[in-house]
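Engineer: Chains as they are written, first to last, in our numbering: chain A, 80 to 334; chain B, 80 to 334.
Simulated from the structure, these hints should not be mistaken for lab results.
It is possible that part of the hints are untrue.
The list makes no distinction among identical chains, and a pair is therefore deemed to hold if it is satisfied within one copy or across any two copies.
Unchecked claim - Straight line, CA to CA, 16 Å or less: simulated EDC-like cross-link-like pairs of lysine to aspartate or glutamate:
hint	residue 1	residue 2
1	Lys197	Asp163
2	Lys177	Asp264
3	Lys177	Asp314
4	Lys134	Glu104
Since the model is a prediction, treat every value here as computed from it, not as a measurement.
What follows is each chain in one-letter form.
There are 2 protein chains.
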Amino acid sequence: MTPLDDQLFEAASPVMVLVRPQMGENIGAAARARLNFSCARMRLVAPRDGWPNPKAAAMASGAYPVLDRAGLFEDVAGATADCDYVYATTARGRGLTKPVLTPERAMQEARAMLAAGKRVAVLVGPERAGLENEDVARANAIITVPVNPAFYSLNLAQCVLLVAYEFTRQGIETPPDIMAMAGTDFATGIERTKLGDHFEERLEEAQFFYPADKAEHMRLNLRNMWSRLALTRADVQTLHGMLRQLARAGRRRDE
Amino acid sequence: MTPLDDQLFEAASPVMVLVRPQMGENIGAAARARLNFSCARMRLVAPRDGWPNPKAAAMASGAYPVLDRAGLFEDVAGATADCDYVYATTARGRGLTKPVLTPERAMQEARAMLAAGKRVAVLVGPERAGLENEDVARANAIITVPVNPAFYSLNLAQCVLLVAYEFTRQGIETPPDIMAMAGTDFATGIERTKLGDHFEERLEEAQFFYPADKAEHMRLNLRNMWSRLALTRADVQTLHGMLRQLARAGRRRDE
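Chain A on its own, in the form it takes in the complex:
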């Protein structure tokens, strides 16, 4: 185990419990989906083809730490014995009186509980039939992904992926658009002004600002455009260069 792996397992995230999974490939795909979103803890309840499973390892490719540290349990009671709160994922109504939450709402709750030091588990059922009523009855609440009621065919790994995505999405403190903006080398005010001056000068020569009573408004619009476009320093250099070249070409034609 590398220090990176240790870090992953120390970070609080819900425990994903795969209940009686059938195909090793799906266990591997679930491990990958978990690791994609830095959720490392996984438990297996009575996998059909035994454990370890070489097909799971093959499909997991780089996600080996998730598989290597996955706990193996005989039943749901054992796999959730140390958990304070348990969610069951199921698409179908069960006739069981139990809160039914979206992944979004459930992961909000889970984040709050994890922050308070509690252990949270999410049960996902086997490929074909999903969780049995007996499994669902052991959970505190149900997670239902808001799929198209006329077409729901989420597979095991997709369900795991969406829950892990929701958990991680809610934890992003600085969205990437803000970070990208912070890292951009925008042109300064004086650079934008000089660019505007340069364009105005050349456009004046080219008799662009016509008719005279509209000229002031055209100039204002142009100034506004240079600001609105959020130009970088490199953009400004490119635009200066374009303008110089166009002027040179014009002069050559005049000669």
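For this one, chain A is given, so just place chain B on it according to the hints.
Structural biologist: Structure of chain B alone, referenced to chain A:
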């Protein structure tokens, strides 16, 4: 086409553009992922193995309307010619100065644009290499899924799934937990009161409220519990029945 299909295609949703997809299976899986979240519009740019593709149809299973109506285009320019705003999904930084958004933020924008009658497209690249810089340069903004930077292995259909999930998640007006609560047949105040009375009566007989100076507080806690548990009418009937049976058993022992 059924009326249900028509409804799907009339509802505003972003157009998903699969750019040079390689495996038919992935095109089919993408169609399913889209239909899971009621996003029907899909376009294909130069699929490697031609079109239609029987492997796509086999994998799509019930999602045939998405495939049947998928538009086929020679290049990205053609596939986005009628679109007002285009997002490119890519995991890697591109050195292109362009807004980089989470799926969450991008789908917020897309919802606002669709509501204003605009057409929005999302480009997803081929399996191995993803979109080329030339494709990304045609887009207005970039979507990057906030994956674990040390482990990102989202496949084509998973990427399509997450974008469709985000779009649909944001459109849910009444979360299922609220709906489930609204549909629950909770016990009324008088039923809870009668249940409390029944328990107090039997517990009084059993000399549960002891010592005397704590009795009032114990009664209050019990009343509070019956309300806090949000019992249904069926729960209340069960609890009455349990209590009657326990009393009967007690009397039999006394005889």
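Engineer: Hint by hint, work out which the structure violates, then give me just those numbers in ascending order.
Structural biologist: Violated hints: none at all, because every hint is consistent with the structure.
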